[in-house]
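There are 2 protein chains.
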Amino acid sequence: MQAFLITFCISDMDLECASQETVKQGLLARGWPPIKGFSKHVKTKVLEFFSHLIKLGQDDPRRVVHSLKAGLALTLVSLFYYYQPLYKSFGVSAMWAVITVVVVFEFSVGATLGKGVNRGLATLLAGGLAVGAHQLANLSGQIGEPIVLGIFVFLQAAVSTFVRFCPQIKARYDYGLLIFILTFSLISISGFRDDEVLELVHKRLLTVLIGGSTCVIISVLLFPVWAGQDLHNLIASNMEKLGIFLEGFGDEYFKMPEDGESKEDRPFLQGYKSVLDSKTNEDALANFARWEPRHGRFQFRHPWKQYLKIGALTRKCAYRIESLNGHLYADIQAKREIRSKIQETCTTMSMESGKALKELSMAIKTMVKPFAADIHIENSKSSVKNLDTLLKSGLWDDETDLLEVVPVATVASLLIDVVTCTAEIAESVNELATMLKFEVVEPTVSTEKPETGQPKIGIS
Amino acid sequence: MQAFLITFCISDMDLECASQETVKQGLLARGWPPIKGFSKHVKTKVLEFFSHLIKLGQDDPRRVVHSLKAGLALTLVSLFYYYQPLYKSFGVSAMWAVITVVVVFEFSVGATLGKGVNRGLATLLAGGLAVGAHQLANLSGQIGEPIVLGIFVFLQAAVSTFVRFCPQIKARYDYGLLIFILTFSLISISGFRDDEVLELVHKRLLTVLIGGSTCVIISVLLFPVWAGQDLHNLIASNMEKLGIFLEGFGDEYFKMPEDGESKEDRPFLQGYKSVLDSKTNEDALANFARWEPRHGRFQFRHPWKQYLKIGALTRKCAYRIESLNGHLYADIQAKREIRSKIQETCTTMSMESGKALKELSMAIKTMVKPFAADIHIENSKSSVKNLDTLLKSGLWDDETDLLEVVPVATVASLLIDVVTCTAEIAESVNELATMLKFEVVEPTVSTEKPETGQPKIGIS
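If you read the protein sequences in the order shown, they are chains A and B.
Start counting the first sequence at 1; every next residue gets the next number (our numbering).
Start counting the second sequence at 1; every next residue gets the next number (our numbering).
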């Protein structure tokens, strides 16, 4: 299987979805040594694949731990087969414990718990209903029984499948509905051949509970991965990425192209891009997190919705930054004298918003009230006012070509938007801080001077 | 199960994740009639839930059809239990056919085929390997056997679980790997109790094939839902949504607030928002579409990557539009005389880009070469030039406050970005048109006048 996947994956990565056979034929057509060259090619690709796997493990060692945990859980439940006294009581039904472990064991505690609870409850309910359906069908005689059972199976499958389209249900109970359809069908159909339906339901439920609790226990006790913690970190790191961009933007934008270097290869200016598409990930993590019990600094009814709100505002800010980024590489740049006039205020706006975002990110990470962020936001707001004054002051001579002002004006205006977004983010982080009673720590940064000039603290 | 879900879902929708028990207690505490009031409350909510379901069906009737198809497929495979000659040859193994149908039957043909192929191949490969593992374990004596089997199960589970983290594999073969772990564990573990391993593998494979092919046949023959077609439509409709915004933007922006109406309630200006988050959906559809055989105007190796490219460019344009939308509702608006100076050019830019996007969308939908789009893009580009001239011409008196120019300049600049994005989208749609040999139809719109003034066709 792995070998099969490796070849598929490699051909995917390498030749954009051409299958291995096509690759081989293509190579042969080009007169490649029929086997030697091809096998060498495959060898290189296999090596590449393995180094890719190693990188996956290095990027997040929890993945390696999770894989070992999955192996352990599976080996544990397989004891129901190997150990005679256990096998005696369950027999082949022990298979259901194995199946449950394979399908329920997920990366985070929340996902595992969610699937486990879904599977357990769905098996219980479907089992109960199937027993009822079996009794009803029994009343209708030998010919009528399969017809009545068939109608029940059809109806429940159709209705449950349809209910799965409901977005609110899909988010949390999709797996439960799947298992409901599965269990109801299996038990009511099996009942046709085997009259020990109650026994069947009982065994199935028990093995599912054993499999499910094995997963949950291993997932909680051995190096747990909490979806809530991941969401918390994701929201904080997204904010930080925007902060890094903004801190660097001012200098990058106002640096003249004739300085020699190309602006294109600045990886720190590209980090924000992942924020643009993080909604799906955030939603999934929040759904998992809602299943998780109290752990560390997170309670059972932790305000995950507030995290999603902060995430949405961060993305709104990222959209503005995407527009700003376009101006960084635009062909038409304003003249040096025009740019230099607003350079200081724009750089301060960008730098201070960036610092505020990084402070807010740090506040979330450490769960400490964001004190310094307010100062940075005030600084950025007063820069906006400075800019207004500057523009009103007629600092510009009458000769200034309006056409050359447009790019700079746009950047300034987008930065003003960014300042507004940052203030909104700060407000919702403060709401979170109140909800979660973030620690209050005396500020140590209050005397820090903004990098671009005079200290401006607490002015508004 | 449905009842359980309904209550959960309702409490979710209504009281933001409070469980029903909490709701009840809360209501009791507020002195509500203990049962009557509560049951009435639940009744209203249940009615709301059902009307929500009806709306889901009305929004996309294919959902209803899919549910009926799922019921049909399940009823068909259950014949293996009801019909004596069939039951004789498979016995309780027929259960695997039922399980396969429940888990493999998906909304689109591509998703069903992908899962079916994954399940079939994974069962085959895992079955083969498990037989080998069983033989090897057999050699190690009665005490050694469970230990060797345990080691095999642990290793394959850990390795396969880890490989599932690889993004390229996750996208296409995640389900296959899950089934690989499942089948390998089941067969190698069962082998410990049952020496008829080959028989087991054979039966399992056959029932999986029966279940899988039932799904694929029903999914292809009865009102098929093609993921490829859905992706095609999604890309086209996303473009159309941006087009609708841009066509309306100019008039909305330059309409003065004192005109009385509030700008906030313009649903056609909000349609673009869904485009911002459509990446996950597009990626999933493209992954499913790659499994689909030739159907209608789509070939097996249809250039789905090109669709994703167009989708990414559309989203890039949507980010600019999100910034533009912010200016629509901004508190600080430029003075009427300033805005009126560039009103015509900006409205034309917006209108023509919008028309171009709608033309491109229509071109994709009908698979006809986008002829008129080029004209609209040329018009929008020449508007950009007009704007440049306008700004250079010193149309502005020296008294103009630069501060008041900034918002208008930003909108103009964002519109210029939008024009650039539109041109990029047009280029990639043209690439698609070449790849797919879109039909060439003589243009009928070439004499149409742009709504905002003189005809400008073919000017560049």
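Keep in mind that a hint or two might mislead.
As the list makes no split between identical chains, a pair holds if one copy fits it or if it spans any two.
[Stated by the list, open to error] Here are the simulated PhoX-like cross-link-like pairs (lysine-lysine), alpha carbons at most 25 Å apart as the crow flies: (1) K369 - K437; (2) K55 - K170; (3) K305 - K437; (4) K45 - K273; (5) K316 - K273; (6) K40 - K273; (7) K55 - K43; (8) K305 - K45; (9) K385 - K309; (10) K170 - K273.
In case anyone wonders, no lab produced these hints; they're calculated from the structure.
Check each numbered hint from earlier against the structure, then list the numbers of those it violates in ascending order. 4, 6 and 9
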